[in-house]
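Student: Build out the structure end to end from the sequences listed, making use of the hints.
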Amino acid sequence: MTVTEQRPTQHASSITANRLTRVQTGAVLAGAVVVGALSWLPSGSPNWARWIIVGLVSYCIGIYVVSRIVEGRRQGLDRLMRAVVTSAFAVVAMPLVSLLWTVVERGTNRFDVAFFTDTMRGVTGAEGGIYHAIVGTMIVTGLATIMSVPFGLFTAIYLAEYGHGTKLAKAIQSMVDVMTGIPSIVAGLFAYAMFEMIFGPGTRSGIAGAVALTVLMTPVVVRSSEEMLRLVPNELREAAYALGVPKWKTIVKVVLPTAIAGIITGVVLSIARVIGETAPLLVTAGLAQGVNWNPFDGRMTTLPVFTYYQYVQPGVPPSNGQDRAWAAALVLIIIVMVLFTVARILSSVLKPKGLR
Amino acid sequence: MTITDTPPGGDTVVAPTETTSKLGDRIFGGISLGAGILILVTLAAVALFLFVEAWPTFGADPGEFNESFVSYVAPLLFGTIWAASLALLMALPLAVGVALFISHYAPKRIAVTLGYFIDLLAAIPSVVFGLWGIAVLAPILSRSVYPWLEDNLGFLPFFAGPASTSGRTMMTAAVVLAVMILPIITAISREVFLQTPRLHEEASLALGATKWEMIQQAVLPYGRSGVISGAMLGLGRALGETMAVAIILSPANIITVNVISNQNPNTIAANIALKFPESAGLSVNRLIATGLVLFFVTFVVNALARRIANSGFSGADG
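Residue numbers (the working numbering), protein chains in the order written: chain A, 1 to 356; chain B, 1 to 318.
In short, the hints are calculated from the structure, not lab data.
In this text, a Cβ means the ideal position worked out from N, Cα and C, and glycines have one as well.
Be a bit skeptical, because a hint or two may be false.
[Stated by the list, open to error] The calculated DSBU-like cross-link candidates involving lysine-lysine, where the alpha carbons are at most 30 Å apart (straight line), are:
(1) B:K22 to A:K249
(2) A:K249 to A:K170
(3) B:K22 to A:K253
(4) A:K170 to B:K22
(5) B:K22 to A:K167
[Claimed, not checked] For the chain B half of the interface with chain A, some residues (derived, Cβ under 7 Å), not all of them:
(6) S68
(7) S71
(8) Y72
(9) G97
(10) F101
(11) V127
(12) L131
(13) T210
(14) G236
(15) G240
Tutor: Take a look at the structure:
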């Protein structure tokens, strides 16, 4: 792939005679930017989306036509596809940049201290906060983590260390795949159905939400942990056995410490995945206005559910609830980003020496 | 427990020396096995509990609801598949383009950062996408795109209109879904594109192919099954996506392919999220029954995806 970039550079040869120079391609790009600008100039105010899209399209057309005339059909197609692939990236980046920008811009309207220390109990105006939702998210996600990490890790140990190659292991593996594909709302319905059978209809509780999240989180933990356990070199296990260490001690003292960086990274990433889940918590944990510390009794608000309800039922005037919704969305995104960064740092800090 | 993946003998030397370690092995192995079996039990429980809770709907007195379960779920099922297919249609070409950009066009250093960025996007909560869709995207589309589509392409049934002024349409929902499933398809496609044998690429270039010809000859055939299974996984995700659709779509109980009007078929997941908090009695059972249908559909899609993925990344057959 580097070959195309290192074309022979003998000057004045026939190879370079009909090649576009950087200045020429730059000119086409500049032309495209101008055409893009022309698309909004008549209306007076800059329209970024239109500018970028029209600019990209005219660059793709322009570079193809110019290159086809100067360099021939094959080079023209090559330049066109390079432009198209790069444009695809630019087009995808647009909504994402817009999303992050919007969340930061609108989220900062209510990103104050009171927002983190107040609840929604008795709030009718612009005040109120997410203290109860943060407590709820911590409890529900914490419980889900406590349940799914041992569950997932031991399953991974079984798959990688004990049942390798057996029929049962294969069945478990394919069922883990099925579990990965369960829609989050279905996991929520399952938890609701289970707790309804035990505690009667209409039950909402934090623990039901945690069970729903466990169903979503466990397969992710199994997949990532199993992969990490398999990366542990077999020589390490054999060395331990040769020293007379029993198998379970080998796993606990040799295999797990070697794989721990990857396992923890996987767990943190799976937490990041489920912490923003809304639908399963909407049907299981519900919504409450105040703090509920007891996951076994009563409704419990979580951040994503709070965000949803503040936006769809914002009150009067709507800007109060919507500001709270955007601020809560900002908090959610910050949490996810922090978890991602933590996972990244942990994986490099905990990586054992000698294993790359 | 026996050791299957180590040479025979290692265990027999170790085991008799200590009886406590034998016990430890048995407990540890037992816990691991138990966890594995619990996976099977959990999945069986999901299906069982949903089925038991859904059952009263089917046995219900027909007069309980105005319509049968089939006519209740049909528009929802159509909406679910319609929205997900539209999203896939938009996301797939872009995702393949972005994956190619990261794997073969972008400078290496930037490519690593972009890969991380794409992974991060996959974790942005769906409710945030929903908020963005209704607050930012919907006004833009309803202002500058939908009227144009209605005026110029209105002869197509998809754009028959009347164009929504709120932007709460199937099209808006599908665009947001597309943005949401892009990272998944991109991540998987990039992975298989990067695995293309270096020799295939160099052989192609050595024969004088341009970069795009090389990609056509070596990278795309090799990555095809990976891209397809990535697309199926993305489709599975789009089918089950709840909150973004629930926030954006203005639902009606109809089946239509018109994507720019205010009258849209709802999706199963979004319908559950919207109705569940206010439902009681048999309505709850009926919603759970629709959930069971959704479970079944995603199960089939995911099974297909795995089948394609397991058929191997063979590019040799062209």
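Student: Which of the listed hints are broken here?
Tutor: Hints 6, 7, 8 not satisfied by this model.
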